[in-house]
Structure formats: structure tokens, C-alpha cells
Amino acid sequence: MKNIILIVLILVVTLSFGQTEKAENKVITEKFVENYNNDDYDGIFSMFADVMKDALPIDKTTEFLKGLKSQAGNISNREFIKYENGTYASYKTTFERAVFVLNISIDDNSEVNGLFVKPFVEEVNVENVINNLTIKNGLITKEQSEIIFESTNIFPNNTQVSIAIIKDGKVSYFGINKGSDTISTIDNQKSVFEIGSISKVFTSTLLANFVIEGKVKLNDNINSYLKTPLNNNTKISFTDLANHTSGLPRLPTNLDLTKVNLENPYKEYKEGELKEYLTKYLELSNKGENQYSNLGAGLLSYTLSKIENVTYESLLQNKIFSKYNMQNSTADITKIKGNLVRGLNNEGIEVPNWEFSVLAGAGAIFSTVQDLSQFAISQFDYSNKELKLTRVKTFELNKNMDIGLGWHILKSQSKNLWYWHNGGTGGYSSSMVIDEKSKNGIIILSNVSAFNPNMGNIDKLCFELMKTLEKE
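The sequence shown runs 1 to 472 under the numbering used here.
What the hints contain is simulated information worked out from the structure, not anything from laboratory work.
Fair warning: there could be bad hints in the mix.
As the list claims (entries may be wrong) - Listed below are the simulated EDC-like cross-link pairs for lysine to aspartate or glutamate, each with C-alpha atoms no more than 20 Å apart in a straight line: (1) LYS190 - ASP59; (2) LYS53 - ASP42; (3) LYS118 - GLU96; (4) LYS415 - GLU347; (5) LYS92 - GLU146; (6) LYS275 - GLU308; (7) LYS337 - GLU313; (8) LYS267 - ASP187; (9) LYS82 - GLU24; (10) LYS66 - GLU30; (11) LYS270 - GLU289; (12) LYS215 - GLU84; (13) LYS118 - GLU30; (14) LYS460 - GLU146; (15) LYS118 - GLU84; (16) LYS31 - GLU111; (17) LYS92 - GLU21; (18) LYS92 - GLU347; (19) LYS388 - ASP256; (20) LYS31 - ASP107; (21) LYS170 - GLU436; (22) LYS92 - ASP42; (23) LYS69 - ASP107; (24) LYS227 - ASP181; (25) LYS66 - GLU271; (26) LYS170 - GLU396; (27) LYS471 - GLU146; (28) LYS118 - ASP459; (29) LYS53 - ASP40; (30) LYS270 - ASP332; (31) LYS306 - ASP220; (32) LYS53 - ASP39; (33) LYS411 - GLU396; (34) LYS306 - GLU263; (35) LYS439 - GLU111; (36) LYS167 - GLU436; (37) LYS399 - ASP381; (38) LYS69 - GLU313; (39) LYS385 - GLU436; (40) LYS118 - GLU146.
Bear in mind the structure is a predicted one, so any value in this text is a computation, not a measurement.
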């Protein structure tokens with residue numbers, strides 16, 4: 001689950017102080033900071049070049065800056081770092097409650113044509129990190145061990161990564177823990193993590209189950225199954241929700257990010273708020289195009305729950321978790337069994353778990369790599385109609401990727417199709433990919449924050465390990 005509180009670019013950045021700030025950048029940045037601290041968002045918008053105004057209209061600009069202000073407060077200090085890619089002036093920026101990297105690019109007319117914010121992370125000297133991973137017992141190869149170390153040594157101390165490696169339908173587990181700048185092997189296949197947006201695959205699997213059982217049809221509109229009328233009698237189909245083509249925004253417009261607890265942003269958004277949104281505020285934009293929507297996945301799980309008149313958790317337990325022997329999986333934080341690995345922020349400090357309330361289908365599930373491997377291996381059973389249905393192409397995103405029901409279908413990574421999804425919350429990142437023909441798969445759960453600038457290493461690790469299975 002990717003939050004939209006900040007515009008964050010996920011990059012591996014080495015910060016290098018010592019370049020000289022140009023006078024024009026200094027003037028523009030000082031003006032930006034002054035306007036920001038005075039809540040003059042119109043003033044900031046007036047600094048934008050036309051191309052920037054088109055890309056980030058005044059309402060989006062205001063939403064972004066208000067969200068930043070509510071999370072971080074005013075700017076108290078800034079320090080020029082360097083020029084990124086020869087264009088962006090990059091600043092270490094101290095806010096009242098956080099430190100971020102502020103990047104501002106200007107054109108020849110000294111108008112802002114680029115702006116983004118990302119967490120500031122001190123440079124990690126990975127040369128000092130000790131590799132204490134063991135490869136005995138043949139659980140992983142030396143090459144895989146090296147890939148794991150190189151992908152994880154930049155994460156903070158107290159990081160855990162739990163990995164399931166599925167080769168020819170058989171699974172082995174490998175876990176790591178980083179402590180005292182040493183990465184060591186750990187048994188954590190039964191440890192519980194938030195899986196974030198991988199939950200969407202399970203929500204779509206519930207939909208497939210309903211279709212197979214004849215309770216709904218994929219092209220049915222949800223309107224017929226909800227007692228709550230949709231604003232302007234707007235029509236939305238089950239397929240639209242599952243493959244992100246409904247035209248719904250990423251989050252409901254009455255979820256005000258400036259007023260929520262940003263460490264648990266979805267907790268207080270409950271059924272009453274969702275009904276209010278559906279009846280009063282629901283509007284679609286770019287219907288028929290792929291537009292990733294946590295709201296859409298949450299609305300799908302809500303609708304399925306209303307059809308059966310049970311909770312999302314009950315649907316999961318009765319129709320998926322019990323069927324695939326996923327004994328340590330739940331969407332209810334109060335029902336977690338076993339060892340819950342605590343989520344971390346960028347500095348390696350523990351953060352609260354996210355509670356998704358009525359939008360549970362978007363990212364509420366807690367699970368283990370052992371449980372998820374049971375689910376993954378079941379995908380290789382061609383007689384399983386509901387799982388097979390989730391992997392059927394429903395939308396072509398681009399030449400490299402299609403969308404099924406929940407799954408992203410990667411067409412260019414391998415000679416075979418790969419079915420993939422990832423996830424991220426305030427304290428966790430995850431990635432899962434399977435190849436039904438070769439019966440290979442990689443599942444990774446971690447307590448690396450989705451807002452860690454290096455969280456992209458989790459997906460990278462997933463794909464690189466998957467490629468090693470093709471070599472064997």
C-alpha cells in the first residue's frame with residue numbers, strides 16, 4: 001500500500017556535499033520556503049512554469065503541500081547538497097517534525113519546472129556491514145547469498161527479511177536479520193509481517209471464488225449488490241475494481257490526510273465515511289484506463305462482504321486461509337498468532353501497524369512466507385479454477401505488463417509469464433512473484449518501510465532471485 005501523503009521518488013541516493021548553489025536557485029528556494037511557511041500555496045503555484053501547472057494543478061499542489069505541512073510542519077533550516085541529474089537543486093531540509101530532501105528544478109525563466117520531496121537518509125557506509133550469512137544445508141546458493149547481502153546491507157539495524165524460494169514446486173526458506181551492522185541468518189519463515197497491497201491478490205481471489213460459485217459475474221455492476229446508492233447512479237463493475245480501471249481515485253476524497261494520524265492513516269475511515277463518499281462525493285475520472293486505486297480494492301472487499309453479510313476477515317478465513325492451510329494469516333490485527341515482526345521507519349525505529357478498517361481489501365492482511373508459499377504453490381494446480389481465473393488477462397497495461405484480477409502479469413522478464421504483486425505500508429515492504437509453468441516463485445516479506453528511499457531493493461531482490469532459479 002503506497003501512501004500519497006508525500007510525493008516520494010524511490011531512489012538509491014549517495015549524498016555528496018560540496019557543490020556550489022547557484023544564485024538563481026537560492027532566490028527561488030528562499031521564496032518557496034517563505035511561501036510554504038506562510039501557508040501561501042497560491043504563491044508557490046504562481047512560481048510554477050506552465051508545464052508544472054499542467055502537471056500539478058492548484059488543487060493538487062495545495063493537497064500535496066497541506067499534507068506535507070501536516071506531517072512535517074514548517075521549514076526551520078535548509079542546507080544545499082548538490083545538483084541531481086544536473087537539474088534539480090537538492091537540499092537537506094529540516095522541518096519541525098522531520099528531515100527531508102527537497103528538490104527544486106527551475107527553467108531558464110527561473111520558474112519552477114520540477115518539485116519533489118523524499119525522506120533524508122544519512123549515507124550508509126556499506127563497506128562496514130559484515131556479511132555473516134550461512135549457505136550450508138543447500139538452502140541457497142553462494143550467488144543467491146551475495147544477491148541477498150547486496151540488496152539488504154543498506155537497510156537500518158533491526159531489519160528483518162523473510163524469503164521463500166520455490167523451485168519446481170518445492171519450497172525452502174531463508175531469513176536474515178541486520179543487527180550491529182552485521183547481516184546474519186535467522187529462522188523467520190513463521191514470523192508475521194504486514195503484506196500490504198499483496199492483500200489485493202487475496203481480495204481478487206475472493207471475487208474469483210464468488211464467480212465460480214455463481215454468486216456474481218465479473219461484468220456485473222456492484223450497484224446491484226449494495227444497498228447504498230452510488231452518487232449520480234454511477235456504474236462500476238467487479239472487473240473494474242479488481243484491475244484498477246474503475247476511474248476511482250487512489251483514496252476517497254473525504255479521507256483528509258491533513259487530519260488523520262499519519263502513523264495509522266486508515267484506522268478511523270470506517271463504514272459511515274465510505275457510505276458518505278459513495279452517496280455524495282463519488283466521481284470517476286479516466287474510466288477504462290488503469291489508475292491504481294486502494295479505494296477500489298477496499299470497495300471490492302466491502303461489496304463482497306455485504307453480499308455474504310460477513311466480515312472481510314471471515315471471508316478470508318473461510319474461503320482462502322483454511323483452504324490453503326494458511327494458519328498464521330489474518331486481516332484482523334487482534335487475531336495475530338505467533339511472532340509479529342515490528343515495522344520500522346527509515347531510521348530503524350518501530351512504528352505502529354496500519355489498520356485499514358473498511359478499506360481492508362486494499363492492504364490489511366498479516367501473513368508469513370510459509371503461509372504465502374502454500375498459496376503460491378496452489379497456483380500451480382491447473383484444476384484450481386478460482387486461482388486460474390485470477391491470472392487471466394483482463395487489461396493490457398503496456399507492452400511489458402498486463403493486469404489479471406489482482407495480479408500484474410509481467411511479459412518481458414522471462415520466457416514465461418510472471419505473476420507479481422508487491423506491497424508497502426508505513427513499516428513494511430513485500431514482493432511476490434510466481435511462474436506457473438516452471439513452478440518457480442519468490443516471496444519476500446520485510447519490515448522495511450515503504451517510505452525508505454531504498455525500499456525498491458525488495459522488488460529488485462525478488463526479481464534477481466527469481467532469475468537465479470531459471471539458471472539452475
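How the hints compare with the structure:
1. At most 20 Å may separate the alpha-carbon atoms for a hinted pair to count; LYS190 and ASP59 exceed this at roughly 45 Å.
2. Among the hinted pairs, LYS53 with ASP42 is consistent with the structure: their alpha-carbon atoms are about 11 Å apart, no more than 20 Å.
3. Note on LYS118 and GLU96: the hinted pairing holds, with a Cα-Cα distance of about 16 Å set against a maximum of 20 Å.
4. Proximity of LYS415 to GLU347 is assessed by CA-CA distance (about 39 Å); at most 20 Å being required, the pair is judged violated.
5. The straight-line distance between the Cα atoms of LYS92 and GLU146 is roughly 32 Å, outside the 20 Å bound, and the hint therefore fails.
6. This hinted pair checks out: LYS275 and GLU308 have alpha carbons roughly 18 Å apart, not beyond 20 Å.
7. A threshold of 20 Å between alpha carbons decides the hint, and for LYS337 with GLU313 the separation of about 14 Å falls inside it, so the pair holds.
8. Distance hint between LYS267 and ASP187 is unfulfilled; the C-alpha atoms sit about 32 Å from each other, more than 20 Å.
9. The straight-line distance between the Cα atoms of LYS82 and GLU24 is roughly 14 Å, inside the 20 Å bound, and the hint therefore holds.
10. Our distance criterion of 20 Å between C-alpha atoms is met by LYS66 and GLU30, whose separation comes to about 19 Å.
11. Between the alpha carbons of LYS270 and GLU289 the distance comes to roughly 28 Å, so the proposed pair goes past 20 Å and is violated.
12. A threshold of 20 Å between alpha carbons decides the hint, and for LYS215 with GLU84 the separation of about 54 Å lies outside it, so the pair is violated.
13. Pair hint LYS118 plus GLU30 holds up; C-alpha atoms about 19 Å apart against a cutoff of 20 Å.
14. At most 20 Å may separate the alpha-carbon atoms for a hinted pair to count; LYS460 and GLU146 meet this at roughly 13 Å.
15. Proposed proximity of LYS118 and GLU84 is supported: the alpha carbons are some 13 Å apart, at most 20 Å.
16. Under the criterion of a C-alpha separation no larger than 20 Å, the hint pairing LYS31 with GLU111 is consistent with the structure, at around 12 Å.
17. Taking the CA atoms of LYS92 and GLU21, the gap is about 13 Å. The hint holds against a cut of 20 Å.
18. The hinted pair formed by LYS92 and GLU347 meets the criterion: a straight-line CA distance of about 16 Å does not exceed 20 Å.
19. With a C-alpha separation of about 38 Å, the suggested pairing of LYS388 with ASP256 is violated against the 20 Å cut-off.
20. This hinted pair checks out: LYS31 and ASP107 have alpha carbons roughly 16 Å apart, not beyond 20 Å.
21. A distance of roughly 13 Å separates the Cα atoms of LYS170 and GLU436; the hinted pair therefore holds under the 20 Å criterion.
22. For the hint pairing LYS92 with ASP42, the CA-to-CA distance comes to about 24 Å; that exceeds 20 Å, so the pair is violated.
23. A threshold of 20 Å between alpha carbons decides the hint, and for LYS69 with ASP107 the separation of about 26 Å lies outside it, so the pair is violated.
24. A distance of roughly 55 Å separates the Cα atoms of LYS227 and ASP181; the hinted pair therefore is violated under the 20 Å criterion.
25. As the CA atoms of LYS66 and GLU271 are separated by approximately 26 Å, the hinted pair breaks the 20 Å bound.
26. Annotation: proposed proximity of LYS170 to GLU396 is violated, straight-line Cα distance about 31 Å (limit 20 Å).
27. A hinted pair counts as satisfied when its Cα atoms are at most 20 Å apart, and LYS471 with GLU146 qualifies at roughly 16 Å.
28. At roughly 19 Å between alpha-carbon atoms, LYS118 and ASP459 fall within 20 Å of each other, so this suggested pair holds.
29. Proposed proximity of LYS53 and ASP40 is supported: the alpha carbons are some 16 Å apart, at most 20 Å.
30. For the proposed pair LYS270 and ASP332, the alpha carbon gap of about 14 Å is at most 20 Å, so the pair holds.
31. Between LYS306 and ASP220, the direct Cα distance comes to roughly 15 Å. Compliance with the 20 Å bound is thereby established for this hinted pair.
32. The straight-line distance between the Cα atoms of LYS53 and ASP39 is roughly 18 Å, inside the 20 Å bound, and the hint therefore holds.
33. Of the supplied pair hints, the one linking LYS411 and GLU396 holds, its CA atoms being roughly 11 Å apart against a limit of 20 Å.
34. Note on LYS306 and GLU263: the hinted pairing is violated, with a Cα-Cα distance of about 29 Å set against a maximum of 20 Å.
35. Proposed proximity of LYS439 and GLU111 is contradicted: the alpha carbons are some 53 Å apart, above 20 Å.
36. At most 20 Å may separate the alpha-carbon atoms for a hinted pair to count; LYS167 and GLU436 meet this at roughly 11 Å.
37. Under the criterion of a C-alpha separation no larger than 20 Å, the hint pairing LYS399 with ASP381 is inconsistent with the structure, at around 28 Å.
38. At most 20 Å may separate the alpha-carbon atoms for a hinted pair to count; LYS69 and GLU313 exceed this at roughly 35 Å.
39. Under the criterion of a C-alpha separation no larger than 20 Å, the hint pairing LYS385 with GLU436 is consistent with the structure, at around 14 Å.
40. For the hint linking LYS118 to GLU146, the alpha-carbon distance of about 29 Å lies beyond 20 Å, and the restraint is violated.
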